[in-house]
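Q: As you go down the protein sequences, you meet chains A and B in turn. Quick note: the first sequence, position 184, residue 184 per this note's numbering, numbers continuous. Quick note: the second sequence, position 150, residue 150 per this note's numbering, numbers continuous.
In short, the hints are calculated from the structure, not lab data. It is possible that some hints are incorrect.
[Unchecked claim] In silico SDA-like links for lysine to any residue, alpha-carbon gap of 20 Å or less:
1. A:43 - A:57
2. B:178 - A:72
3. B:136 - A:184
4. A:178 - B:64
5. B:178 - A:138
6. A:136 - B:177
7. B:178 - A:62
8. A:131 - A:91
9. B:178 - A:67
10. A:52 - A:104
11. B:136 - B:182
12. B:131 - A:54
13. B:178 - A:68
14. A:178 - B:131
15. A:52 - A:175
16. A:178 - B:72
17. A:43 - A:62
18. A:136 - B:182
19. A:178 - B:68
20. B:178 - B:95
There are 2 protein chains.
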Amino acid sequence: MQPAAGRWFPPHQSGDPMTLSMYSMTVPFYSSMLSNLEHLLSKAEAWAAERKIDPAVLLNDRLAPDMLPLKRQVQLVTDHAKGAVARLGGVEVPPFPDVEETFAELHDRIARVRDFLHSVPEANFAGAEDKIISMKVGPMDMSFPGLQYLQGFSVPNFYFHLTAAYAILRHNGVPVGKGDFFGRG
Amino acid sequence: MQPAAGRWFPPHQSGDPMTLSMYSMTVPFYSSMLSNLEHLLSKAEAWAAERKIDPAVLLNDRLAPDMLPLKRQVQLVTDHAKGAVARLGGVEVPPFPDVEETFAELHDRIARVRDFLHSVPEANFAGAEDKIISMKVGPMDMSFPGLQYLQGFSVPNFYFHLTAAYAILRHNGVPVGKGDFFGRG
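Bound conformation, chain A alone (with noise of 0.2 Å):
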């Protein structure tokens, strides 16, 4: 069923009706915004650019003292993207050394997830729901059934960081606006 023609799609995602899976509810959403963020960060770099701004202003800027920069945001974004689906696609979790110190590094963590997203065959996400899912999380250890696991941590978690990344860079006053976020604009 399509519809009607005109309206709007995201456009990561075509209009087709999606099958209801832990493989559909993740990889193309996941990437999908995390081309969003590599947006955002093109803008930001592209305004300090113009304003002679020294870019690492912009990456070692956090909302609160005790709170995160934006680079360690980013880095924390992608986090999440391939914990997810490397536990719900049962590899392991690709270990990413937090060492990115400008906008290209950035640039280039994200594209090594996003890679690495459409690299865990779809088959593996079968039965995901309820696998149990058991990490480390600081001092904590974790347990969660799969859906649980990713609905409720893991995107809460991915959008968390994500949106403080967007909120760093409103707050300095970078030109980008809730299209941006979505990957318009």
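Mind docking chain B on chain A? Use the hints.
A: Leaving out everything else, chain B in the frame of chain A:
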């Protein structure tokens, strides 16, 4: 299958495996995250009272002059939750006028939305993943298959506004952290 004793689960969810459905992806998570928002607002309110800060200062604060203030972020979090559950559950979206000006009124709105979420019968969500959802967002007509509407529009918007609310509190020095975002602490 039960996980080992002593492990941490989000308090709002049992450790039981969940069936993958549009209902199980939606109502339990929106409901529990709305509880977490109430927890965040309660801490903010208590902190303001203790320091003799007018609650309206927090409720009208924003991270950038052209971003929305805390009270509107809270209204929008609830709008995205009730919008998704109504549309996917095949009932009218209940209109809630945006009139709240106090913490007590915001708490009341959140409670009414949680009641609404739990009022929509689970059976209504059968097949909602490929039902076409059409809506107007500002001047734009949007249409999505249900899964794409939920995971690519409603969920990102819900967490966008929830995190924006959290970020406004953090930026004002309200003593909340990531644990509070997940309802602990």
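Q: For every hint, state whether the structure bears it out.
A: Evaluated hints:
1. A:43 - A:57: holds, 15 Å
2. B:178 - A:72: Roughly 15 Å between the alpha carbons, so the hint for residue 178 (chain B) and residue 72 (chain A) holds.
3. B:136 - A:184: Answer holds: residue 136 (chain B) to residue 184 (chain A) is near 17 Å, not above 20 Å.
4. A:178 - B:64: holds, 13 Å
5. B:178 - A:138: Holds: residue 178 (chain B) and residue 138 (chain A) sit about 12 Å apart, inside 20 Å.
6. A:136 - B:177: holds, 19 Å
7. B:178 - A:62: It holds: about 15 Å lies between the C-alpha atoms, which stays within 20 Å.
8. A:131 - A:91: holds, 13 Å
9. B:178 - A:67: Measuring from Cα to Cα gives roughly 10 Å; hence the hint holds.
10. A:52 - A:104: Holds - the C-alpha atoms of residue 104 (chain A) and residue 52 (chain A) are around 17 Å apart, at most 20 Å.
11. B:136 - B:182: At roughly 31 Å apart (the allowed maximum being 20 Å), residue 182 (chain B) and residue 136 (chain B) break the hint.
12. B:131 - A:54: violated, 48 Å
13. B:178 - A:68: holds, 11 Å
14. A:178 - B:131: Given pair residue 178 (chain A), residue 131 (chain B) is violated - Cα atoms ~26 Å apart, limit 20 Å.
15. A:52 - A:175: holds, 15 Å
16. A:178 - B:72: holds, 15 Å
17. A:43 - A:62: holds, 18 Å
18. A:136 - B:182: holds, 16 Å
19. A:178 - B:68: With a Cα-Cα distance of about 11 Å, the restraint between residue 178 (chain A) and residue 68 (chain B) holds, given a limit of 20 Å.
20. B:178 - B:95: violated, 31 Å
The structure fails hints 11, 12, 14 and 20 (numbered hints given earlier, in ascending order).
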